[in-house]
Amino acid sequence: MSTSRIARRLDKRKRVLVTPEGLSLPITIASRGARASALLLDLIIMTVVQVVFTILLIALAGGIFSSGASSALEFMGVAWIIAMFLFRYGYFLYFELSPRGATPGKRLAGIRIAAREGGRLSVNAVIARNLLRDIEIFLPLIYLVTSAGGGGAANWAIFAWLAIFLLFPFFNRDAMRAGDLIAGTWVVEVPRRKLEQAMSLGEAARGRSVATGAEYRFGERELSIYGEYELQTLERVLRENNAEALVAVATAICNKIGWSAGSGDERAFLEAFYAQLRARLERDMRFGKRKADKFS
Amino acid sequence: MKPITQFFRSKPIEDLPDIEAAALRSDRFRLEREQDWKRLEAILKRMESGRLRKVSDEDLLDLPALYRTAASSLAIARETSLDAATLAYLESLVQRAWFQVYGPRTSLIGWLRRFFGGGWSASVRELWLEICVALAVMVAGTIVGWVLAARDEAWYYSLVPTQFADARVPGASREALEKSLSGVEKLDGLSFFSAFLFSNNARVAILAFALGFAFGIPSLMLLMQNLATLGAMLWLFSEAGLTVDFIAWLSIHGTTELFAILLAGAAGLHIGRSMAFPGNRTVVAAAAAAGQRSAQVMAGVVLMLVVAAVLESFARQLVTDTNARLAIGGTMLAFWLAYFFAFRRRVDGNTE
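Protein chains in written order, with the working numbering: chain A, 13 to 308; chain B, 6 to 357.
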């Protein structure tokens, strides 16, 4: 898949969320693949915990059985039923109500739940979305597993049921499952960005190269060629700090603005150009004039 | 105050950067506010890792203020700065803070207090129309079950699941039926029985709720079918002249359990109705509002089913006197009715 197609896919998942303060925040809807893998992980974790718990109880029961205390056995039966019920309904509730808003599976997939309208995620919403999970997945799955050998029309009906709910996220733009629809929630990606270094701290940003002592001063004509898009591309190149890319970009800029900077000092040149271009564009910005890219 | 507490912070924040060193005005803006952003990020990291206890009271109190500072920084930076990395960082920081500031109130105790102190009964009352409909359907289901079984015994077998109908089949003797209504003397196995009943009934109730998604029709069908079973059994016992005994046997837990199933069906119906007739809102918004209200009712339904299961396994098996059984069932019904409809304490907003 080409990068442009990936970018377009990503664009389709971008939403703008307006916080109660009136600030618009860009938000990315979790991909269906990430959600499916999160669910699978959760189901595996749940199954493993349930099986381990059951085996432990059986081992314990074996010990008690030889000593012959029936009330203890009964207590363990009760504990088993309640524990299974809690695993089934409590697992998702407990984790999604925590500050993370995500089950372990969702966390590994880098996604979490959020309120759809930008408001508060309420306890009731989390309860509602997880109650519906029961008829979406657990009920038909249990049915299919228990009547595996049976076959017949009932199995097909259950299968269709399962298919409808599993495919539900494919039939709406926001990839909501039925439970999300009822609860007013959606599943979004958790952003993870580090604060990068400020760009204009060095000496080069003031226009003087430390290595060669050369002064880089750009005039009105040179700085009016590029716009914000090119500035941010240059920012990325500077942050990545790849020697070859620096040389290539410096040559391209020199050709464009008709300069000839000495080789070996590309970084200082680019830093100076970046700082002065940004200063100019930001100044215009404060006056309400914006230049999106070199074509505008 | 502040400089002293700074010493006790678990993770000291780095030295102040040299703000004047920055050549660009937007970078100076950023450097001036960086400390606040980093502090907010540190608090968020601790909250997200689930170590809520490690977040000091001071940090928790400052969280909303720090969130607003970061949000306003972002609004200004969008208009004055072209530093893409800083903008992206701020957007992700504000979003993460928003998750926490507008996240669920994690205090379970607070939620429970509000839930029992009027939130639950208020949302039950908001469902009054659906409750009436569901009640009508349940009554109709009972009558249909009775009439069908009375006209043709074959209906009895198709309505009542076979594993329930051990001795209770058409044509069984009065003694056999009477025996099936009596309790047991020993306590063994009852708690297991009650846990089993609870988990079984809770699943039925959740199903009744969740099926409301398909415009409420499956919820109604489920109510109808369950109550038709009851109607058929009622017919069987009335044939043997045991109507009052059967009702007493049923009512001891049935008033609670049937009430819970009634509420579950009404909650499902509520969602279906809001989706079919959303009014001025969009279908999605209407479904969300109804879903959250119904979820509160459902949390209560699960609780009622716990009570019902305990009553069913212990009280029904231990209390064998018909009048005592009726008294317990009637008391429970009166209690629920009073709690839901007579207990009207104001709660400030039942969305939480």
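Read the hints as simulated data drawn from the structure, not as lab findings. There could be a bad hint or two in this list.
Here are the simulated DSBU-like pairs of lysine-lysine, each with C-alpha atoms no more than 30 Å apart in a straight line [said to hold, decoys possible]:
| no. | chain 1 | residue 1 | chain 2 | residue 2 |
| --- | --- | --- | --- | --- |
| 1 | B | 43 | A | 206 |
| 2 | B | 50 | A | 24 |
| 3 | A | 206 | B | 184 |
| 4 | A | 206 | A | 26 |
| 5 | A | 26 | A | 268 |
| 6 | B | 59 | B | 43 |
| 7 | B | 43 | A | 26 |
| 8 | A | 26 | B | 50 |
Comparing the hints with the structure gives:
Between residue 43(B) and residue 206(A) the CA atoms are separated by roughly 10 Å; this keeps the pair inside 30 Å, and the hint holds. Restraint check for residue 50(B) and residue 24(A): satisfied, since their Cα atoms lie roughly 29 Å apart, inside the 30 Å limit. Between residue 206(A) and residue 184(B) the alpha-carbon distance is near 73 Å, which puts this suggested pair outside the 30 Å criterion. Between residue 206(A) and residue 26(A) the alpha-carbon distance is near 20 Å, which keeps this suggested pair within the 30 Å criterion.
Taking the CA atoms of residue 26(A) and residue 268(A), the gap is about 35 Å. The hint is violated against a cut of 30 Å. A distance of roughly 17 Å separates the Cα atoms of residue 59(B) and residue 43(B); the hinted pair therefore holds under the 30 Å criterion. Of the pairs offered as hints, the one joining residue 43(B) and residue 26(A) holds, with about 26 Å between alpha carbons and a cut-off of 30 Å not exceeded. Between residue 26(A) and residue 50(B) the CA atoms are separated by roughly 24 Å; this keeps the pair inside 30 Å, and the hint holds.
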